[in-house]
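**Student:** Sequence:
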Amino acid sequence: MIEIPSDLHKDLVPLVFLLGNWAGAGVHDFPGAEKCNFGQEVSFTHDGRDFLEYHSHTWVLDNDGNKVRPLETESGFWRVDADRKVEVTMVRNDGVVEVWYGELADKKPQIDLVTDAVARTAASGPYTGGKRLYGYVNSDLMWVGEKQTPEVELRPYMSAHLKKVVTPEDVERWAKALPDDMPDDGIAFFK
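Per the UniProt record's numbering, the sequence shown runs over residues 1 to 191.
Derived by calculation from the structure, the hints in this document are not laboratory data. Quick caveat, the model's predicted, so the values are computed rather than measured. Glycine included, every Cβ here is placed at the ideal spot set by N, Cα and C. You can trust all of the hints, since none of them are fake.
Taking lysine to any residue and the SDA-like style, the derived pairs with C-alpha atoms no more than 20 Å apart in a straight line are:
| # | residue 1 | residue 2 |
| --- | --- | --- |
| 1 | K131 | L104 |
| 2 | K108 | V16 |
| 3 | K10 | F44 |
| 4 | K131 | V27 |
Label pairs and their in silico Cβ distance ranges:
| # | residue 1 | residue 2 | range |
| --- | --- | --- | --- |
| 5 | L154 | V91 | 18 to 28 Å |
| 6 | D7 | P150 | 38 to 48 Å |
| 7 | P168 | D83 | 31 to 41 Å |
| 8 | N37 | G129 | 22 to 32 Å |
| 9 | D106 | N63 | 35 to 45 Å |
| 10 | I2 | D47 | 14 to 24 Å |
| 11 | D11 | A117 | 17 to 27 Å |
| 12 | I2 | V152 | 35 to 45 Å |
| 13 | E34 | I4 | 32 to 42 Å |
| 14 | N63 | D83 | 39 to 49 Å |
| 15 | T128 | P168 | 39 to 49 Å |
| 16 | R120 | H55 | 16 to 26 Å |
| 17 | D7 | E153 | 41 to 51 Å |
Construct the entire structure; sequences and hints are all you get.
**Tutor:** In structure tokens, the structure reads:
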């Protein structure tokens with residue numbers, strides 16, 4: 001269920017499907033790096049201003065789905081304009097800072113992004129740019145990331161399937177929103 005918070009900046013309504021906390025798993029595979037399954041937690045929050053705040057933490061999973069060690073962490077800010085153009089500023093734990101530009105697909109909750117600028121610290125590995133696709137599919141958030149380096153052409157390297165994390169506060173808010181004339185047995189919903 002997508003809800004539009006009353007204090008959400010009006011410019012962010014097209015990005016409302018991203019809001020919340022998400023968790024799931026995916027696959028990491030890039031030449032020169034360990035191929036692995038990973039877990040991920042993502043949050044998109046807002047404070048009434050014209051951007052979403054973004055945080056992502058990933059970690060390597062073993063064959064039983066247990067956390068082994070951190071993989072990547074990134075934080076940033078997402079904006080959208082009246083023409084559905086999206087801009088993202090992002091910083092990653094490996095010393096990379098990126099500016100991404102893209103747009104929302106027409107009539108569906110999907111965002112295509114491409115790096116416009118990349119800055120790296122001396123400690124970061126080789127990286128020259130990337131692409132990302134985010135989509136809201138059957139109430140889940142899915143994404144795929146591509147990257148390139150001077151030695152490797154642009155190719156997919158990470159993708160994940162994330163589920164919305166439901167908090168006790170969400171359940172309480174939904175319960176308060178139920179109509180007072182709910183049937184006791186709940187069966188009437190299905191008639």
